[in-house]
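Undergrad: The chain contents come next:
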Amino acid sequence: MTNSNPLINIIKTLQGIGHRMVERIWRLGAGARLFFLTIVYSGESFKRFHLTMREIYSTGVMSLLIIIVSAFFVGMVLALQGYNTLQKYGSSEAIGVLVSLSLVRELGPVVTALLFAGRAGTAITAEIGLMKTTEQLSAMEMMAVNPIARVVAPRFWAGVISMPILAALFSMVGILGGYIVAVPLIGVDEGAFWSQMQANVDFQSDIVNGIIKSLVFGIACTMIALFEGFDAPPTAEGVSRATTRTVVISSLTVLGLDFVLTSFMLVI
Amino acid sequence: MDRTKIDLWVGIFVALGMAALLGLAMKVGNLTSGKIGETYAVTAAFENVGSLKPHAPVKSAGVAVGRVDSIAFNSKTYEAVVTIKIDKRYNFPKDTFANIYTAGLLGEQYIGLEAGGDEDVLSNGDKIAKTQDAVVLEKMISQFLFSKASEMDNDAKISAKPSESESKPAEAKSTELGDAPF
Numbered sequence: 001m002t003n004s005n006p007l008i009n010i011i012k013t014l015q016g017i018g019h020r021m022v023e024r025i026w027r028l029g030a031g032a033r034l035f036f037l038t039i040v041y042s043g044e045s046f047k048r049f050h051l052t053m054r055e056i057y058s059t060g061v062m063s064l065l066i067i068i069v070s071a072f073f074v075g076m077v078l079a080l081q082g083y084n085t086l087q088k089y090g091s092s093e094a095i096g097v098l099v100s101l102s103l104v105r106e107l108g109p110v111v112t113a114l115l116f117a118g119r120a121g122t123a124i125t126a127e128i129g130l131m132k133t134t135e136q137l138s139a140m141e142m143m144a145v146n147p148i149a150r151v152v153a154p155r156f157w158a159g160v161i162s163m164p165i166l167a168a169l170f171s172m173v174g175i176l177g178g179y180i181v182a183v184p185l186i187g188v189d190e191g192a193f194w195s196q197m198q199a200n201v202d203f204q205s206d207i208v209n210g211i212i213k214s215l216v217f218g219i220a221c222t223m224i225a226l227f228e229g230f231d232a233p234p235t236a237e238g239v240s241r242a243t244t245r246t247v248v249i250s251s252l253t254v255l256g257l258d259f260v261l262t263s264f265m266l267v268i
Numbered sequence: 001m002d003r004t005k006i007d008l009w010v011g012i013f014v015a016l017g018m019a020a021l022l023g024l025a026m027k028v029g030n031l032t033s034g035k036i037g038e039t040y041a042v043t044a045a046f047e048n049v050g051s052l053k054p055h056a057p058v059k060s061a062g063v064a065v066g067r068v069d070s071i072a073f074n075s076k077t078y079e080a081v082v083t084i085k086i087d088k089r090y091n092f093p094k095d096t097f098a099n100i101y102t103a104g105l106l107g108e109q110y111i112g113l114e115a116g117g118d119e120d121v122l123s124n125g126d127k128i129a130k131t132q133d134a135v136v137l138e139k140m141i142s143q144f145l146f147s148k149a150s151e152m153d154n155d156a157k158i159s160a161k162p163s164e165s166e167s168k169p170a171e172a173k174s175t176e177l178g179d180a181p182f
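Protein chains in written order, with my numbering: chain D, 1 to 268; chain V, 1 to 182.
No wet-lab data here; the hints were simulated from the structure.
Accuracy of the hints is not assured; some may be wrong.
[Claimed, not checked] Within a straight-line C-alpha distance of at most 20 Å, the following computed SDA-like cross-link-like pairs (lysine to any residue) qualify: (1) K27(V) x S102(D); (2) K5(V) x S102(D); (3) K27(V) x V183(D); (4) K85(V) x Q204(D); (5) K5(V) x A199(D); (6) K5(V) x R54(D); (7) K53(V) x A134(V); (8) K59(V) x A199(D).
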């Protein structure tokens, strides 16, 4: 009936685009608002530090296993692939530099953030979404307890604290994995492996920049997970959708931010 | 979960993170080798520093004795002024030679110091007078090609006019790059 009129179709399409645009911008603004509220109300998560401590346990400590195991394999694969190419140019001693620079600069922070989004981010979203569904957040407000100060802020700071630690662990374990493949298995000289690494990895411009990256990713991933949970429709389907969205948006944000941060760091 | 148990695990977690960071700084990064204690600064002017960078090593007899602190451009003399910091334990004579070398064929560039025979030693703020520029590969190749071309030119002339060959070779020798050591 109305489909026959092309003008109405065009208007409907435009309406759809506009609706989505407004929705996105609204979510961005709501996310920013939640971020500032979290910062404002984060006094309590430091005054009663055991709240944050418990969240560090569930986001940081519980992610240790997946981080360490994947870091080990990533390091080993890097060493294998790197050796395969480098030996063609007769510079297989540079394998230590290759493994350490790619881990410390890029893979450490980025892969940790991706794993963190999948392991801890989803848990945060699901937990807060379910709290909202079962009206625990409303109950808190009824008892004059600010849910942002009590629930959101400790999780936020736990994520921000955990991420750099996990990224540093990832880089170190990955380098150890690369060492195990390169030195005992392939037979690269041990002295050249470490000394070339030390000569080419700069503390300031490589290691500190990697930590800055992981800190930014920590803020982004945790904030996205918290917002998605806080914003989830109070139904089973809504929570499941919010959890999926957490992973997708966090991953894309991390990769995009990584490009921006890298371009800033390499210019300076 | 018990609060003390959580505290313990978080403690282990943070300690592991610190250990990893310390390992990165000490074993992987150059934090330990970058420290050279007390230093004194010396400047040296080069016409071309190539791709020398700040923090590049300063070596004498292959041993790292200092680091390049800064590289600046002098707009009056159109030269690059390189400030290098040398470890206080090492003294060099006033007429020390400063050369820019390349580590390996494509490696990074560093400054090599070759000690002279002067009795006085360099001190803070002194200037190294004798320097040698970085080797620019393009320049070297073009010089080589130029010398080859002129050689061939001369050979052609010699074979074309054998009667004048007694005076020509002397001139050929004197052309600037005729006997470059390639």
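Undergrad: Next, verify each hint and record whether it holds.
TA: Results of checking the hints against the structure:
no. : hint             : result
1   : K27(V) x S102(D) : holds (16 Å)
2   : K5(V) x S102(D)  : violated (36 Å)
3   : K27(V) x V183(D) : holds (16 Å)
4   : K85(V) x Q204(D) : holds (19 Å)
5   : K5(V) x A199(D)  : violated (42 Å)
6   : K5(V) x R54(D)   : holds (10 Å)
7   : K53(V) x A134(V) : holds (12 Å)
8   : K59(V) x A199(D) : holds (14 Å)
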